[in-house]
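Colleague: The task is simple: from the sequences and hints, build the whole structure.
Just so you know, the protein sequences line up as chains V and R, in that order.
The first sequence begins at 31 in our numbering and counts up by one.
The second sequence begins at 31 in our numbering and counts up by one.
Hints were generated in silico from the structure; no laboratory data involved.
Please note: incorrect hints may appear among the correct ones.
Heads up, the list lumps identical chains together, so a pair's fine if it works in one copy or across two of them.
[What the hints assert, rightly or not] Once the Cα atoms are required to be at most 30 Å apart in a straight line, the calculated DSS-like pairs of lysine-lysine come out as:
id, residue 1, residue 2
1, LYS143, LYS81
2, LYS87, LYS120
3, LYS144, LYS87
4, LYS120, LYS144
5, LYS145, LYS81
6, LYS42, LYS87
7, LYS143, LYS180
8, LYS38, LYS181
9, LYS144, LYS81
10, LYS38, LYS143
11, LYS180, LYS120
As the structure is a computational prediction, the values presented were derived from the model and not from experiment.
There are 2 protein chains.
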Amino acid sequence: MNLSGFIKFREKSPLIIAVDVEPEISIEGLLEQAKNYVAGVKFGLPYILRKGASEIKRITYRYRDNYFFIADIKLADIGFVGGLMIDLVKEMGFNAFIAHGFIGLEGALKEIKKKADELGLFLFVVAAMSHPGAEEIFNRNFISIVETCKKIGIDGYVAPATLPRYIRELRDLNPNAVIISPGVGAQGARVGDGISSGATFEIVGRRITLSRDPLVTLRELMSIYKDRGVI
Amino acid sequence: MNLSGFIKFREKSPLIIAVDVEPEISIEGLLEQAKNYVAGVKFGLPYILRKGASEIKRITYRYRDNYFFIADIKLADIGFVGGLMIDLVKEMGFNAFIAHGFIGLEGALKEIKKKADELGLFLFVVAAMSHPGAEEIFNRNFISIVETCKKIGIDGYVAPATLPRYIRELRDLNPNAVIISPGVGAQGARVGDGISSGATFEIVGRRITLSRDPLVTLRELMSIYKDRGVI
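Modeller: In structure tokens, the structure reads:
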């Protein structure tokens, strides 16, 4: 999937569901109900590992017209291992995946971006993280990471709704980027904080996956987005 | 497994095999042949994903008396996702796993270390990386990462044989640490470079896994270690 593919999905919804554990009403139950409210689904690595590659593939293929699928593998390894992971991401039917930018270009991100382009996968790079400890080391490298990414034309980023200044700065530096923003809900940011700071999509996880009636939860979220004027 | 467990395995061999792709003579063929020459086996994430959790578990249980097993998941996520991954690592029969240190303590490494201790898993943190691009951003945070890790009593590290100054510095800062060192072979460091710089174990991957006669390769490696006086 490419940039314009994401823009199209954005017209439907600003919401991505993060699935790290089996949803309360099952993954297929949730994906059936969420069709009209959600643009994309981000599968976390523990979920991918627990389900297994063939089951993930079955789900992504079944719902390929309804959602885009992001593999949140937080790739942070050398190019050789990255290449093997990207092959798997493609085989499992994902449209995009997430890598860390701090690994640098030579022998890492450059090879990862090249392979992503070859396979038609969209690459998101983590520009800053959402947890308190991220400010200790990781986020101090924010500018280096974003400048590194710009050198090879990366236009997908992950930046936290809990620390919206990074989203704003990223949007200034990359007006056309697709920015996806976690941290809403369990991690403390309010619904709409990411979008109103410049994110393209907000990622909500446990609030939806742990809900016994996700349709009610999704309608609540949409109503908040409307109240805040972000959709 | 704990620190003294690793010291015991070190008496057998300074060598860890990195398995990222299916070995030329099959994984079980290799593990049968390597018993007398190799201390541990590091499974890379692509290999774990491709094999599936139950198959990995079968292998680690079958060879649990012969090797220690490290899950090279390069964990670089928030504590919640980390916890889910560590449960899986334990279920698959691993003795240890690898996380990135740049994620910081609060809401990340602190929770990860606590959970590892609870489950009896040994935690290795990546202190520096081996590829050329690692020097662009990642390795500039080397001191911050090691100081962060010391605060919560982490005594396992990954540091590259291609850049031995990091191994030497790490050994000075943590005399008792278990340091495992990749980068030997395909990535350019010579056999013995890691150990002679202060690493506890060297990690060799493709040179062994892609060999059609790994027994010959392993004997060659042991002979080089003896010539260089590191065993």
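Colleague: Hint by hint, note whether the structure agrees.
Modeller: Quick rundown of the hints versus the structure:
Proximity of LYS143 to LYS81 under the C-alpha cut-off of 30 Å is found in both arrangements, the shortest distances being 27 Å within a copy and 25 Å between copies. Taking identical chains as interchangeable, the C-alpha atoms of LYS87 and LYS120 lie at most 30 Å apart whether they share a chain (9 Å) or sit on different chains (25 Å). Taking the shortest Cα distances, LYS144 and LYS87 sit within 30 Å of each other inside one copy (23 Å), while across copies they are farther apart (34 Å). Taking CA atoms no more than 30 Å apart as the test, LYS120 paired with LYS144 passes inside one copy only; the shortest distance there is 14 Å, against 34 Å between copies.
With identical chains, the CA atoms of LYS145 and LYS81 are at most 30 Å apart both within one copy (25 Å) and between copies (22 Å). Proximity of LYS42 to LYS87 under the C-alpha cut-off of 30 Å is restricted to the intra-copy arrangement: shortest distance 24 Å within a copy versus 42 Å between copies. Proximity of LYS143 and LYS180 under a CA criterion of 30 Å is satisfied intra-copy only: 12 Å inside one chain copy versus 34 Å between copies. Taking the shortest Cα distances, LYS38 and LYS181 sit within 30 Å of each other inside one copy (26 Å), while across copies they are farther apart (47 Å).
Proximity of LYS144 to LYS81 under the C-alpha cut-off of 30 Å is found in both arrangements, the shortest distances being 28 Å within a copy and 26 Å between copies. In this assembly of identical chains, LYS38 and LYS143 lie within 30 Å of each other by CA distance solely inside one copy; the values are 23 Å within and 42 Å between copies. Taking the shortest Cα distances, LYS180 and LYS120 sit within 30 Å of each other inside one copy (24 Å), while across copies they are farther apart (39 Å).
Of the hints listed earlier, there is not a single one the structure fails to meet.
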